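Q: Each chain, letter by letter, is given below.
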Amino acid sequence: MHLRLENISKHFNGTEVLRQVCLADEIGKLAIVGPSGSGKTTLLRIIGGLLQPSEGHVFVDGSRVDYSENKLPHYRAGLGYVFQQNGLFHHLSARKNIALPLQVVHGVSEEESLERAQLLLERFGLVHEGDKLPAQLSGGQQQRAALARAIAASPKLVLLDEPTSALDPEYTNEVLDVINDLGKTGIRFIIVTHEMGFARHACDNLLFLYGGELLEYGTSSALFENPRTLQLQRFLSKLLEWRV
Amino acid sequence: MVERLKYIAGFFLAPKAGPVPHLKGALNYLLVCVIIIFLFWLSLSAISVTFNFSFLDFYGKRIWDGFVLTIQLSASSLIISLILGALVAAGQSTRILPLRYLCDVYVKIIRGTPLIVQIYLFFYIIGTAWGIDNRFIAGVFILSIFEGAYIAEIIRGGYLSLDSTQLEAACSVGFTKKQTLRYVVLPQMITRTLPALTGQFANVIKDSSLLSIIAVIEMTQALREISATTFQLFECYLLLGALYLCLTLPITFASRLFEKRFNYALKT
Ligand SMILES: Nc1ncnc2c1ncn2[C@@H]1O[C@H](COP(=O)(O)OP(=O)(O)OP(=O)(O)O)[C@@H](O)[C@H]1O
Ligand SMILES: [Mg+2]
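Those sequence lines, one after another, are chains F and B. When we follow our numbering, the leftmost residue of the first sequence carries the number 573, and every step to the right adds one. When we follow our numbering, the leftmost residue of the second sequence carries the number 20, and every step to the right adds one.
Okay, chain B solo, but in the shape it has when bound (with noise of 0.2 angstroms):
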């Protein structure tokens, strides 16, 4: 009997050592899902909803043109966050000092208060007298300042990790300062910086969420929209989630592809 349990539980377990065989995981991953989809069902029958999705007929446009718009702004900003980040990063070290300060400053500000009062204050007062009114251009422009922040922290922190032996031996096979930079530094951060820099990218895609608030009309505007005209609640958010998880797990399953050659390349 005891040894019965011992073979059942057995299938439950990961080996001391090792990667997990490829059939007992799939399985095991399979279980989790079932039962993630089984509680939401029961939570669901105990509030008696039935789902109607009839709204995608006619709203089918709509909801496939914020997709689009959310993919847009996410990846504008991305590009203008890199480098924004980048040039924050380097300013951080620079040896002027307004410079060196206004980078500090910026990064302590942005990462230190939420995105959507950035999103207000930056919209409301800033947009306004500068004359930016275009939404589109607006978000982009928000979004790019709010993640350079983070942005410029991951390359930071690359670059501080960086072995001091790696420049000093770049010095002494005669490197010049812009050739260590191009055949060292760089190369070395960004193996080191991709994992951290791609998981970035989910965040921006998610974070774009919050420009709905300033009716950009992305993916979540339009299916609050819809919502609000239909009364699908649920299955306007439900489809949302899903959506955003289209997006978001490619971008985590390289992250982690990323990070196990970037283990690889430092250990056996």
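Chain F with its partners taken away, still in its complex shape (with noise of 0.2 angstroms):
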């Protein structure tokens, strides 16, 4: 897939969020890095057609994103997002949140969208868990099953924003083996993480965001070992510095 920004800026209420932010490439494995506040929260909803630009604009395989309030649910169900918790629907069970989109916006059957949900729930280990609400199910059995919602309509690209930041250790590493196995199969995503090893080997490139710019942007293997910014620099080292 294709995705390419143009001069994307953002400002609310005056602060510039986003500056000018540029990009052109094929996205297979994108990890967004940046200190907190860098703006990659407001990056990742921008491309995701959940906030509009102030500036610039956003073309998904060649065609441009119209965020016209009535063209913004199409071009949304084509992707699949992850938020950092509670993204899940709490008043509907683990199964439920998986199959209602399938029916209401893709117009599935229901007892198709079920089917597809029960193999997902069987896919990412939550046989046992299908018709549990949200509140009672672990964190990371919780970002598993919003996984499981976010690539049940295959969508194109999948957008992860920090889904395992408000996990227990034990659990970050059981959701981030679900991404990476679902990068083996082919599904594109953008994942904003502070888990450097998982952007340095699960994913391709790398794109470090600094104070609402895009300082640097290529593949993970060459930023890591080259960052060329005293930024960048700073940020690695500050990350390694409580490494055991």
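Everything labelled a hint here was simulated from the structure, so no lab data went into it. Predicted model only: the values in this text are computed from it and were never measured. Among the hints, erroneous ones may be present.
[Unchecked claim] Okay, derived cross-link-like pairs now, DSS-like style, lysine-lysine, Cα gap no bigger than 30 angstroms in a straight line:
1) B/Lys196 x F/Lys704
2) F/Lys728 x F/Lys704
3) F/Lys728 x F/Lys601
4) B/Lys196 x F/Lys728
5) F/Lys704 x B/Lys35
6) F/Lys728 x B/Lys197
7) B/Lys25 x F/Lys643
8) B/Lys80 x B/Lys225
9) F/Lys704 x B/Lys279
10) B/Lys35 x B/Lys80
11) F/Lys643 x B/Lys196
12) F/Lys704 x B/Lys197
[As the list claims (entries may be wrong)] Now the stretches of chain F that chain B is said to cover, found in silico as 3 or more residues with beta-carbon under 8 angstroms:
13) 645-651
14) 661-671
Each residue gets a CB set at the ideal place from its N, CA and C atoms; glycine is no exception.
Fit chain to chain and form the complex, with the hints in mind.
A: Structural data, given as structure tokens:
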């Protein structure tokens, strides 16, 4: 899938959160990293059609994303989104969370949507959790169910906003493994993450945001081995500081 | 000795955690009821009242009619005030400013004045001016307008308490605004507001008693009239209280039940 960001800027009430972000590349497995408040979530929400940029355009496979109210649902339906937490509808069981968008948005019959939900639950190790409400699932199970919902309609791209940062360490790996497996089966994703090991080894490309600007973009191995900017060097060394 | 006292005291204490055992709960509940009845009986014997419910034979039909009318008044008002409350709650966040402020003023005025004032004003000024002389209709109208303001606040509160991540999640799966309303906002708001709305129904029933002042012959007015002719004041009001409890207690119970189910849906 080809993604082109053309001079994306975003301000909230006068404060500039993203400044002139440009990018044009094939997206496979992309990690967005950067310090807190650098605009990662904002950029991801713009790409996902949840937020309109103040300036600039987004192009997906050559066609420009139309941010008008009546066009957006269709665009969003073609993507999968996983939030940091609480992204599952908490009045619906894990199974219904997966099946409902299939029925309502993608026009799948109820029977088939439930069958597909069942297959996904099995695939993500949630066979016994299908009829539980999100509040009855562990954090890791919730995120796996959210992943299942995100990929249920075979989206062309999955967007993940710090899917593990609200989790205990034991669940973090379990969720990262699932994402890694998805990547191996050819699912394209953009992940905002603070898990540097994952960004380095499981992602092909890395995008470094700093103070609302795109400072570096390249293959993960290149950026980790040869950070060109001082900011990225500092960012990486800070992260290594507390490593066991 | 101390051990003994401790053992006895234990009977009156709820366990530190977990539910109260059924038998213990029931016996303690019974104890409270006995104490209340005893105090009541003590007060009555102090002013040496003896009860005489013989008027029931003669006035039973009128009391029953009043009872039915109270239910009819409350049920109709509840339905109309639910619709009104939902519209007003929606109106409070509309972009059409005159409409938004109208809803705002309505809620402020109604919630800021006693029902009795509204009943007099509506019935004698607005009712007369617009020619609404059917007392039942006027009563339902006034009660609905009064309760509608409270219901609007319950509904608005329910909407504000919706988690913003839920709305964002609805967007992210591709729901349109209508689909978000139907599949996410409404179901979540119903579980959230049902306990409070059910509780409000008990209020509607009690508030309907005030319509007696414009001579709607519901339960309170029926028993007021009977007590005025029979002079059996205590008996009449005792009966009246008991009849209201018959209506409100099951509703309170249902409200609690909904609350428990709602808590269950959010926490484990
Ligand atoms: N809706 C909003 N209104 C006003 N300011 C906002 C809004 N959303 C984000 N911001 C601001 O934009 C900046 C970037 O926010 P963003 O959430 O994109 O950062 P982030 O890189 O995702 O940070 P983190 O790692 O902490 O999640 C922050 O300073 C934040 O305060
Ligand atoms: Mg963020």
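Q: Quick check: which numbered hints come out false for this structure?
A: 7 and 10
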